[in-house]
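Number of protein chains: 4
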Amino acid sequence: MKHITKLVVRPYECDSYNHVNNAVYLNYLEYARMDYLNAIGFDYNGIVAAGYYLYVTHVDIHYKVSAFLGDALSIESEPVQMKAVSGTIKQTIKKEDGTISAEAMVTWACVTHEGRPSKVPPEFMVEGLKPTTGSN
Amino acid sequence: MKHITKLVVRPYECDSYNHVNNAVYLNYLEYARMDYLNAIGFDYNGIVAAGYYLYVTHVDIHYKVSAFLGDALSIESEPVQMKAVSGTIKQTIKKEDGTISAEAMVTWACVTHEGRPSKVPPEFMVEGLKPTTGSN
Amino acid sequence: MKHITKLVVRPYECDSYNHVNNAVYLNYLEYARMDYLNAIGFDYNGIVAAGYYLYVTHVDIHYKVSAFLGDALSIESEPVQMKAVSGTIKQTIKKEDGTISAEAMVTWACVTHEGRPSKVPPEFMVEGLKPTTGSN
Amino acid sequence: MKHITKLVVRPYECDSYNHVNNAVYLNYLEYARMDYLNAIGFDYNGIVAAGYYLYVTHVDIHYKVSAFLGDALSIESEPVQMKAVSGTIKQTIKKEDGTISAEAMVTWACVTHEGRPSKVPPEFMVEGLKPTTGSN
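Residue numbers (this note's numbering), protein chains in the order written: chain B, 1 to 136; chain C, 1 to 136; chain V, 1 to 136; chain Z, 1 to 136.
Source of the hints: derived by calculation from the structure; they are not laboratory data. Keep in mind that this is a model prediction, so the values were computed, not measured. Misleading hints may appear alongside valid ones.
Intra- or inter-copy, both count: the list cannot distinguish identical chains.
[Unchecked claim] In the BS3-like style, the derived pairs of lysine-lysine whose C-alpha atoms are separated by at most 25 Å in a straight line are:
no., residue 1, residue 2
1, K94, K6
2, K119, K6
3, K90, K64
4, K6, K95
5, K130, K90
6, K95, K83
7, K64, K83
8, K83, K6
9, K64, K130
10, K119, K130
11, K119, K64
12, K119, K94
Could you build all of it, start to finish, from the sequences and the hints given here?
Here you go:
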């Protein structure tokens, strides 16, 4: 199951090359993951209130084709791995014509407020965090 | 040869977790690369004026330990590969006590303003872009 | 005539107070002005290609009520003054219930690429840049 | 008494005009205020821990001369007003040759975590928050 988030490139997101700056893609990916978490019914505010954080631990991103001011982008987010205390989401940023602008694998981990790795507490676990069986 | 850039974490770089947001690390890395290019005598403005861009094509970053407001960070930048039209720089972000906050491999490519991959023109090539022999 | 731009607060836009950082409001306002310029048929890329920039010269912004992650905001943009080489746009950021989050007056000026103030060339002038007669 | 913060313009802070984006100036001003608060011995973390926030309520900024990549900027911060629950700081951003890049008046207010205006608790009050007598 791929969740899709749409956004339009804003002026201040473009750098002196007139294209979206490489760091801004990570902003886009974070926004898309939040949108995806909402869509699968994950209680983000609840888990933070309960004493946990979701940290990003690894990002592997390939930049393929520049995005420009006003481009309407679609970001696909899809869980591809779920382990005890962490998970990996594949995120693909596409331009309006379907061209891939960037592809990323983002790994997150659940930690306590003291910074210790922890399982996602069962009461916050939702199906959408896990890869669809057989899909990968 | 490792080039070192120092900076202090600013308030607006911290997110609701009170630590430096994952995308901001890419801003730090870009700033450190620019600092490194200056240090090795690379004529960045010159190569842009001559019709070329240096694009980031790949970032692989591991986040290890959070950085917080006011933290004095050191960023080591070291070329580890130089190919025909691209190169890779290893960048390590350290906290004041030497703890590694994040480690990244950043690959860049030289492209023309039309977006075609191109060799770095010889007149802009400097030794510091290449890995030290035998160091990796 | 008030032009309206809608957006949703993203996670990386919130700071350690868990609300939208004060500088991010200026990002929102810039995005809304770009949206407004598109809506009134102003040829932004054309005027830049013709050798002009639109610079922001003054921002006067009052922050009223914090905006938070996920808030759906509406930004009203309305021209309130048009002089020889500059203009002023009133921009109001509202929350979903109509509460005003921030109010700003933003003044811009047309300059040449060399930085000299210049009239907006007649071929780029559009009615929507001017205040509605009698409306203010 | 003017407190001075120094910084160098970073690549990702410049927009498609190749100059520092207008919103980034507010980032610079925030960073300089934090630096100023540290310098006057204001216990920022302490006041937040005690249940208070310092909110920015008003920014009035004039942009004079563009700043560019690599520019070494100095930001002067000087308190010009201290009222019961709020204060105003004048901040001036200068280029290396002394040219003023931007001038701002920034007003802040002390609020409780519930958002009610509050006096700065006496135990956190420091002289440096107040204007020097007769200086304005």
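* Please work out whether the CA atoms of K64 and K83 approach to 25 Å or closer within one copy, between two copies, in both situations, or in neither? => between (29 Å within a copy, 18 Å between copies)
* To do: Since the copies are identical, ignore which copy is meant and state whether K119 and K130 lie within 25 Å (CA to CA) inside a copy, between copies, both or neither.
  => Only inside one copy: K119 and K130 sit 14 Å apart there, 43 Å across copies, limit 25 Å.
* At most 25 Å between C-alpha atoms: does K90 with K64 qualify within a copy, between copies, both, or neither? -> both (15 Å within a copy, 20 Å between copies)
* Intra- versus inter-subunit Cα pairing at 25 Å for K130 with K90 -> within (12 Å within a copy, 33 Å between copies)
* **Intra- versus inter-subunit Cα pairing at 25 Å for K95 with K83** => neither (31 Å within a copy, 29 Å between copies)
* To do: Up to 25 Å between alpha-carbons, please classify K119 paired with K64: within, between, both or neither.
  => between (35 Å within a copy, 18 Å between copies)
* Alpha-carbon proximity context of K6 and K95, limit 25 Å -> both (10 Å within a copy, 21 Å between copies)
* Asked: Can you tell me if K94 and K6 fall within 25 Å by alpha carbon in one copy, between copies, both or neither?
  -> Answer is both; intra-copy 10 Å and inter-copy 22 Å each pass.
* Have a look at K119 and K94 and pick one of within, between, both or neither, based on CA distance no larger than 25 Å. => Result: close neither inside a copy nor across copies, 32 Å intra and 28 Å inter.
* To do: Evaluate K83 and K6 at a C-alpha cut-off of 25 Å and name the case that applies: within, between, both or neither.
  => neither (28 Å within a copy, 36 Å between copies)
* Asked: How do K64 and K130 come out at 25 Å by Cα distance, when the copy is not named: within, between, both, or neither?
  -> Classified as between: cross-chain Cα gap 24 Å, same-chain 27 Å, threshold 25 Å.
* With 25 Å as the alpha-carbon cut-off, assign the pair K119 and K6 to within, between, both or neither. => neither (31 Å within a copy, 36 Å between copies)
Of the numbered hints stated above, those contradicted by the structure are hints 2, 6, 8 and 12, listed in ascending order.
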